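Engineer: Whole structure, please, built from the sequences with the hints as guidance.
Read off the chains here:
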Amino acid sequence: GGIITQTPKFLIGQEGQKLTLKCQQNFNHDTMYWYRQDSGKGLRLIYYSITENDLQKGDLSEGYDASREKKSSFSLTVTSAQKNEMAVFLCASSIPGLGGPSSAETLYFGSGTRLTVL
Amino acid sequence: AQKVTQTQTSISVMEKTTVTMDCVYETQDSSYFLFWYKQTASGEIVFLIRQDSYKKENATVGHYSLNFQKPKSSIGLIITATQIEDSAVYFCAMREGGDNYAQGLTFGLGTRVSVFP
Numbered sequence: 001g002g003i004i005t006q007t008p009k010f011l012i013g014q015e016g017q018k019l020t021l022k023c024q025q026n027f028n029h030d031t032m033y034w035y036r037q038d039s040g041k042g043l044r045l046i047y048y049s050i051t052e053n054d055l056q057k058g059d060l061s062e063g064y065d066a067s068r069e070k071k072s073s074f075s076l077t078v079t080s081a082q083k084n085e086m087a088v089f090l091c092a093s094s095i096p097g098l099g100g101p102s103s104a105e106t107l108y109f110g111s112g113t114r115l116t117v118l
Numbered sequence: 001a002q003k004v005t006q007t008q009t010s011i012s013v014m015e016k017t018t019v020t021m022d023c024v025y026e027t028q029d030s031s032y033f034l035f036w037y038k039q040t041a042s043g044e045i046v047f048l049i050r051q052d053s054y055k056k057e058n059a060t061v062g063h064y065s066l067n068f069q070k071p072k073s074s075i076g077l078i079i080t081a082t083q084i085e086d087s088a089v090y091f092c093a094m095r096e097g098g099d100n101y102a103q104g105l106t107f108g109l110g111t112r113v114s115v116f117p
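Chains as they are written, first to last, in the working numbering: chain F, 1 to 118; chain U, 1 to 117.
It is possible that part of the hints are untrue.
Think about it this way: if two alpha-carbon atoms lie no more than 30 angstroms apart in a straight line, the pair counts; the simulated DSBU-like pairs of lysine-lysine are [said to hold, decoys possible]:
id, chain 1, residue 1, chain 2, residue 2
1, F, K22, U, K3
2, U, K70, F, K83
3, F, K57, F, K22
4, F, K71, U, K70
5, U, K3, F, K41
6, F, K57, U, K3
7, F, K57, F, K41
8, U, K16, U, K70
9, F, K57, F, K71
10, F, K57, U, K16
11, F, K18, F, K70
12, U, K70, F, K41
13, F, K70, F, K57
Simulated from the structure, these hints should not be mistaken for laboratory data.
Small disclaimer: the values here were computed from a predicted structure and weren't measured.
Structural biologist: The structure is reproduced here in structure tokens:
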């Protein structure tokens, strides 16, 4: 088995500050994701990456940057923290399921980073 | 564009009974994949079960099973013999088929299940 480690678990920043969240996985998965979960809501995709140095924007990418310098790590930067960005940020990874890229994949999630903006 | 809707915000059940959760999806693709995930009180999210659109048989894993009604674009989750530890938020999710296989999942808003002794 493997694990996805997100750091830090809790992140407190000031409004307007640039903040970076980190994610490491040892599944050797190709694809990694960043999702945002607001209180009582579902998950929304911010960025994903299908391989090292690849970046793809999700529905919620505005206000964020991402970096995939290694296969095992995927970082997310909040470019200018805003009060309405208090949320949990979830990192996930996946590998195409049996049958190759066109088949379903299962996502494995980290435990999340809870962001609070003062 | 794809969309996933879970209309039930919360459900309370007694232990050892059966709970059913609804999920309706929208997609233009003829091929798609449907998932259910569980988020525990600690925030951990784990994969439970999936249904491929081309399969007619309902998926079953342990005490989780699916009620796939393709004409209604519906994928319900059924948990039999519920246990206290089944208390969690359950998310329905979907991915459309095609070449962009890594585009991630679209999630519903979740249904909170509380199991009481």
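Engineer: Would you pick out the hints that fail for this structure and give their numbers low to high?
Structural biologist: The structure breaks hints 2, 4, 10; every other hint is satisfied.
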